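Just so you know, the sequences run in chain order C and B.
Residues 1 to 205 (our numbering) are what the first sequence spells out, left to right.
Residues 1 to 218 (our numbering) are what the second sequence spells out, left to right.
Be aware that one or more of the hints could be misleading.
[As the list claims (entries may be wrong)] Distance condition first, Cα-Cα at most 20 Å in a straight line; then the derived EDC-like pairs of lysine to aspartate or glutamate: (1) K214/B - E40/B; (2) K122/C - D74/B; (3) K122/C - E83/C; (4) K122/C - D99/C; (5) K122/C - E73/B; (6) K122/C - D148/C; (7) K214/B - E46/B; (8) K122/C - D77/C; (9) K214/B - D64/C.
[Said to hold, decoys possible] Partial selection, computed: residues in chain C whose CB lies under 8 Å from chain B: (10) G50; (11) S70; (12) S72; (13) D73; (14) I75; (15) F87; (16) R90; (17) Y92; (18) Y101.
No wet-lab data here; the hints were simulated from the structure.
What you are looking at is a predicted structure, and each value in this text was computed from that prediction instead of being measured.
Using N, Cα and C, we set each Cβ at its ideal position, and we do this for glycine too.
Chain by chain, the residues run as shown.
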Amino acid sequence: MTLRVRDLSVARGGWTVLEGLSFDVAPGTALILRGPNGIGKTTLLRTLAGLQPPVSGEIEGAGDDVAYASHSDGIKDALTVEESLAFWARVYGQDVPADIYDAFDLGDLRHRMAGTLSSGQKRRLGLARLGVVGRRILLLDEPTISLDRQSVNLFADFLRDRHLGQGGSAVIATHIELGLDAPVLELAPFAAQAGAAGGSDEAFL
Amino acid sequence: MIALIARDLRLAIRAGGGFGLGLAFFLIVIVLVPFGVGPEALQLREIAPGILWVAALLSALLSLDRIFALDYEDGSLQLLATAPLPLESVSLAKAVSHWITAGLPLVIAGPALGFLLNLAPAAYPWLILSLLIGTPALSLIGTFGAALTVGLRRGGLLLSLLVLPLYVPTLIFGAEVARRGGEGLAVQGPLLLLAGVTMGTVALMPFAAAMVLKVNLR
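Next comes chain B alone, as it looks inside the complex (with noise of 0.2 Å):
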């Protein structure tokens, strides 16, 4: 399994559009919401845990397609199918690549482009916390999402519109413990929920994965 993550990532800083791509989306998305909202900083300042969150999401779902697919084109994946690493094991190492090269990236930026938004300062730790907590889930959910389409032509658009609607309660929950920890309010409640979403997805997503590759490799 690490052979596996060790793989990916070597083939993400090599072939390029891994690291770089999503976050240059992030900046782009984040640097584009005040032109669109206008520059009143209270207004920004209320908006921003919401914009950061789905800006996050979308720039996640944007490398999504590549988990399977590359894999899928050139045989790798029939032949990782058949090796002694089980299908399950295969699905979390392509998450966990799929979180370390899009994910992490997130987290580290959100900060940055926070105070881009006006962010509010007591708002900071908990939208890297937020962050921290709630991306594994959209790289688990996109990983069982990018297995149902792995084979289709143009699977992408397919894509997005089956793992946006799981992606909301992760959203919503990440959202609130922004929003909630730069009001000053306790956020306990949807940091626990949040973190539950994320170890439900990787209780289940690993297994959900790995039962449809099987269906779409026959």
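So that you can see chain C by itself, here it is in the shape it has in the complex (with noise of 0.2 Å):
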């Protein structure tokens, strides 16, 4: 399903960071989200993933197709790598697919607990959640934080092999290269214009 997005704004704290934006995400295709900091990325996504409404225009297909990963990971220090896959495999009434965890390199530390993994590990592991969820629109925010070279290239790996490649797609707030075969959306030209406020500030202003 396609994922649609029609002159949508989006606002955090009140004000509107993101205005005019439209922008389509075929299956099997992935878009590439670039901008400064604090541009409104990760409100973007979040609003994407319905965690917030937006201020004006639409958006189709996302619902319940879409999965969100954010900057934490969601990971519980005291549930093994094991545990913490089938848990969310569950809630999303999927099965584990076996080969997880070479495609994200956890074989060896399948029964480790989490909180005795380093960052990267950690962040590897809340990558992996995403392919026990079966979603076919994955909301990524800056998912290579802490990941190094070799980790980064298995997770362009898994994108593009087991995600893209089965018709999945992705929106991808990064600011590194992936290597995939995807549009970039530069967001600076769709920034609102300072002072325009967004819902309930308005009346103040």
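Build the complex: two chains, separate frames, hints provided.
Next comes the structure, spelled out in structure tokens:
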């Protein structure tokens, strides 16, 4: 299903940060979001994920098809790698694919408590979650933070072969080159004009 | 939902502080009371149902701020909010696991500690029954309070101030069931009202908690 965004404006803390955004993300393709800090990449992804309502505009095709990966991985220190993935798979009503551990080089860590993992290993576990939820549209917020070069390649392979190659799609906010053949959306031109208020602040300005 | 309850119980057992803390607090409060009011058996018998219920309230309160705060800090609450599980079910699952870790131990330990307060023999079954029926309401109301204060720094104190007044009906009817039971009076009235309060919270609180969670996650 195509993710279709039309004339979208999003707000953070009552201030509109991006306006007039329109794009399509067809199955099998990805869209890379670029822009300086504070431009609203996270806000846009959170809006697409349904965590906050848009100020105006329309989002079609998201809803129950998206999986969101934020800066934090939502990993419980007292659960093992295997239990974490099994939990998320169960919440999404899926089975854990047997090869997911190899895809993220987690094979040796399966029975380790997540609390004993390094931050890069935790990140790999957080990303492996995306492989067990069975959602078509991935919304990724800086997925490669604290990953080394090799793990970035692993993740890019996962996206290319196992997700996009299977008809999934992704919206990715990232500053580094993932080596994906994907269009880049520069967000700077869509930055809201200073002083443009969103939501309830309007009456006070 | 069962997956979430299972995970929370596993975390409570592994990370500690789940089962033990509230129970130990309950024990200490009950043990302290005779020191405070003196060892006169008849006096203790008179106040036992009320003390047991107040202590149960306080010890349930102790673990409330952990219900959502831990999941909020490590980001899993956001991920749960975008999962196919509706937030209403998340709230209900959280309340159930809070009850199993904090409420159920009180039901089991209540009679043993009633002995320390010289609780009237006839009151024991009614104390157990009233705790069994009443403590789920404590967990459900508490889940709503935890959802309201999630993300706030030092939200724990605010949480207590918000939640304790809402516990009043459960306290009144719960203690009344145990007291009347001990004196051999009819308990049907307060028992039905206690059950009514719990039923009401089961019906309303998950939805209220989900609503405030949505606002707090924005």
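Going down the list of hints, with the structure as the test:
no. : hint            : result
1   : K214/B - E40/B  : violated (52 Å)
2   : K122/C - D74/B  : holds (12 Å)
3   : K122/C - E83/C  : holds (14 Å)
4   : K122/C - D99/C  : holds (18 Å)
5   : K122/C - E73/B  : holds (15 Å)
6   : K122/C - D148/C : holds (12 Å)
7   : K214/B - E46/B  : violated (46 Å)
8   : K122/C - D77/C  : holds (10 Å)
9   : K214/B - D64/C  : holds (16 Å)
10  : G50             : holds (7 Å)
11  : S70             : holds (5 Å)
12  : S72             : holds (3 Å)
13  : D73             : holds (6 Å)
14  : I75             : holds (6 Å)
15  : F87             : holds (5 Å)
16  : R90             : holds (4 Å)
17  : Y92             : holds (6 Å)
18  : Y101            : violated (20 Å)
In the structure shown, a violation is registered for the earlier hints numbered 1, 7, 18, in ascending order.
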